[in-house]
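Residue numbers (this note's numbering), protein chains in the order written: chain H, 2 to 159; chain A, 16 to 809; chain E, 28 to 300.
Be a bit skeptical, because a hint or two may be false.
Output of the computed footprint for chain A on chain H, the stretches with three or more beta carbons under 8 angstroms from beta carbons of chain A [to be verified]:
hint	stretch
1	45-53
2	71-81
3	132-142
Honestly, the hints are just simulated from the structure, not real lab data.
In this text, a Cβ means the ideal position worked out from N, Cα and C, and glycines have one as well.
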Amino acid sequence: MSRYIDISLRVNGEDVRATVPSRLNLVDFLREELSLTGSHVGCEHGVCGACTLTVNGDTVRGCLMLAAQADGKEITTIEGLAENGQSAQLQAAFTKHNALQCGFCTPGMLASALGYLNTGGSADRDAIRQHISGNYCRCTGYQSIVNAICDVIEETSI
Amino acid sequence: MTGPAHIFDKPNRYIGKPEPRADAARLLQGRGIYVDDQKLPRMVHAAFVRSPHAHATILSINAEEARAATGVVAVYSGEDLAKHVTPYVGTLTHLAGLRSMPQHPLAVGVARWQGEPVVMIVATSRALAEDACELVYVDYAELPAAVDSETALDTGAPIIHSELGSNLAWERDVVVGDIDAAFAAPDVHVVERQFRFGRHTGVTLETRGTVCDYDPSEDQLTVYYSGQAPHMMQVIFSKHLDLPEENIRVISNDVGGSFGIKIHTYGDEIATAAAAKLLKRPVKFIADRFESFLTDIHARDHIVRAKMGVTEAGKIVGIDFDDLTGIGPFSMYPRTSAIECNQVLNLTGAPYVMENYRAKGRVVFQNKTLMCQYRAVGHPIAMAIADGLLEDAARKIGMDPVALREINLMADDSYPRTSATGMKLDDLSHKRALRKLTDLMNYDGLRARQTLARKKGIYRGIGFVSMVEVTNPSPMFYGIGGAPIASQDGATVRLDAGGALHVSSSITEQGQGTNAILAQIAAGVFGVDLNRVKVTTGDTATTPYGGGTWASRGAGIGGEAMLQAAQALKDQVLEVAGVMLQTGVETLDIQSGAVTDIDGSVRLTLADLARTVYYRGNELPNDLNPELIATRHYRVTDFPFVFTNGAMAAHVEVDIETGFVKVLHFWAVEDCGRVINPLLVDEQIRGGVVQGIGGALYEECHYSPDGQFLNATMADYMVPMASEMPEITIAHIETPTKTSILGAKGAGEAGTGGAPAAILNAVNDALSPLGASIWQMPMTPERILASLNQADCN
Amino acid sequence: MKAPDFDYLRPASLAAAVAMLVEYDGEAMPLAGGQSLMPMMNFRMAAPEALIDLVNLSELRGIWVESDTIRIGAMTSYADLKGDAAVQKHIPLFSLALPHIAHDAIRNRGTIGGSLALADPAAEMPALMLALNANIEVEGPDGARMLSADDFFLGMFETALDGELIKAIHIPVAKSEQRFGFHELTQRHGDYALAGVAIVQTSNTYRAAFFGVADRATRVPKLEAALEQNEDITSVLAHLNSVDFTDDIKANHTTRQRLAGVALKRALKGMTT
């Protein structure tokens, strides 16, 4: 039995074909094989949220998905969100509110925030906090992140 | 301190402004460069076999299968590396009596904590290295472990280093006045409590890691470093790997959080550098989360028996305490693991006037993960002791805790002065901060609502802390004890041909906004637009020599150096401009990238001036030697440290059925001198408060009786997440420090230093009508329920 | 850590998947959402020879309402459950519980079948099955069978599955005379519970399943009877004494029992139709 598998997927709008070890997880695949180092690894346990990225429009933990399971799927990383403009408003709001310091949680935090915005989340601070409660940030204390997300919601609804 | 005071005669264009960080864009687009993002040609990967035991003799290591495994490039034992790396000892001469033993990067002969690296495997991928680790067979003979700090000094306790004769690493006594007499006075009430502070750790989201590259053709070691003090590491690598300092380049790009964790010397990182030197190719080591838990320094493990005496009228007569703290089997190198205890001894009660003080500190070795400086070193313990006892005393004599503070806080106009422990204090504003705090939080309103809530069986509490924070340390902190740790920092400012400013500094960035404030100071003092300033930090090859960022020294020390360098360059440029424009320099200024009249009308752009100097020197008088670059260094001379002060408050609700604590709101009033960027300072304070709440309610490293770390995962070790954290309201007071022109003090650690005390006091305030109290952190539901049970029984 | 190596297989049918499990003779593990299995692999606490990815098994997907039962394919994710109109209408208990299960990124991948097959004592889903009196349809080398939830959870991470895969979960459609309650006590949103309970009251009968408190999701029949008899809360809670409450670093058994009681009281107080 082979311990490698051929996969074919779309990453940030580009077709990718690769032969990967069965055991390689998605975030390691993106970082090591495609040099998309914008997604980060914080625990490999699914708890810290640093590896959160978007697969077929849904947020997933990149450390808990095998690259093999990404076969046939559409992946968007923080780099892709910047290129396609989806994170532009969030970027501006995060910058304005200083909603990041070291930046390590930021890719996962943006993916989660975008998930909230895309499902029409309201500017309810408790609801926002609950939504990002799976993304660990040690630097900011979370308040500025909530401020930034609220800003984008309020801007969009004008 | 004299100097160009005119810089702040009028509001500065950038200093004091909430400018957004230029670094944010990069990080928001996924273009940060953290250590694990580094990929070098022929790079190989390290993994470690680590001791599963807290204390064990290493009888034999059989790595033959591992050596033959797929992708394995090298296997090293402790003995192998000991031939290439000299051991290190974490002692400093100014901590008299501190003892420790030499430590090797990989254990040699004996493993002394669960997680100590024993064998290093280097392979073509991390996964293959880990596969090979499973093929290493280490024969251990378990030894009795000294796990419990309270029994570490008992006769018969296992002694970790027989050469030392006991597990005592250090002790110190501080005696001021006559505490026994003071407590014995007739109208004095004495409150006594035993505090337990849970060992916890930093949990930086980016784990520790390093990429080390050795080029034999130049005998050059390059280290990609996730940490705070590149120059210190340069010395350490040089000393222990036998390389000239100048042949070592330490580069710090983006760092995913540090908080002091990444400022210490870790065996697996030293081993990685040694492996690179031996293999003559890049070696990467990235700790996984489990490894980080087991080896990142821990902190805050203290058991304190403490007493405070107050008179009937509310005057504090003194504090008396005994602090026992457990560290690891070694004092961490090079900063020592005695500093945290020393801070507790030095800082407890520092905001308050008192004539009597007695404190005993004992630091003991344990077979647990090493302990050392972590954000707000010692402050959470010191503030909790003093302010916890203060509010306990307030309840005892029936006085409001704010009123009790007002009686005892040092008056704002009473400086310079010293604390009871001899700390030199100046430019503090305790009383003003407390008043501002009570206004900000509408204290009277909160108390009224608390009373109403109690009637409905809802138990809310309000708790305070008045605190000092150590910042801007002088050489007295480390340098005098022999540590290769710079306490001065330098800044270089260079005007380039196009009119842009390139600046570099020896302080470092871990996300707090170091680069941003350096740019703001340079732009604001020199006179260019902020977006024309480019900042270089974190590279020993290209920056001035200095200490890096720690102990909240970046803004105060690095910032001052940048201010002075920018001012010097301005003077130099105006000298050239004066000659070019045939006018006196006193008629000129630099504003928005041009040389102007004092009123702002443009005379000459900086680019024109610079291009003339650089390309057309023939247009200048022969005796004019323009220097469009300036470097200045700065150190604190008048004081061992420059203190900031703060007043904070927490409003909590305790669910007495479950023991759960909800933090409803938190306020912090901070006086950190001149604020360079309030947007950055506010988030530092908020992040610090949340970290402090973590220590107060959630975070603890649990050990089994035989020294196994039981909760070393993100699921079992609880860090604060967004849902449970409060909104945090912040206000500032600015009392500039007279020790520099900039007048900035540090602000990075106050939140973490003060929040635990405020939360402790709030919880006890909530529980007080029920006759219950809790003096152990973290204040878990189980412990709060136990304290309620205790009260029921009484 | 990086996961140990394994063969990765992607069968096209349930029968093929079952055959592969037999072929690997206990050394292969099925992979559903991976939200619990991958952490174990990443800690090297699970090291199977092969992972059998169930992603292509169409027999395990879908949600159907069949007269008085709603049938949910085992590979249905928590997110799919949360967003499904039929589930929202017919299983109100899920609407109460699902927001408490982990976080979006986990819910997007984690599956109901995966959760039940794992039988984590702290997980919500097994308790929801007990409370709802669900039936679990499984298929193995010896054919298909239906197990009641009461017979399914045997111990800590131990189920009645015998080389079998869960195919579908059959849940009775909610009736108008039913009321539902759910309460979970966690220090942080999304954590595994320190104690939790899911309750279904049908006219005068109660099914109350506790989770996070013992070695498996647990009903206490005598406690349910006491609720049915309308006994006062103290004597209802006294029946918790028969449960072997877990001791761990977060809470000892005494605290857990106390918290289980509080969860029950609060769930009862908040029951809805």
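Hint check results:
no., hint, verdict
1, 45-53, "holds (count 5)"
2, 71-81, "holds (count 3)"
3, 132-142, "holds (count 10)"
Checked against the numbered hints given earlier, this structure breaks none of them.
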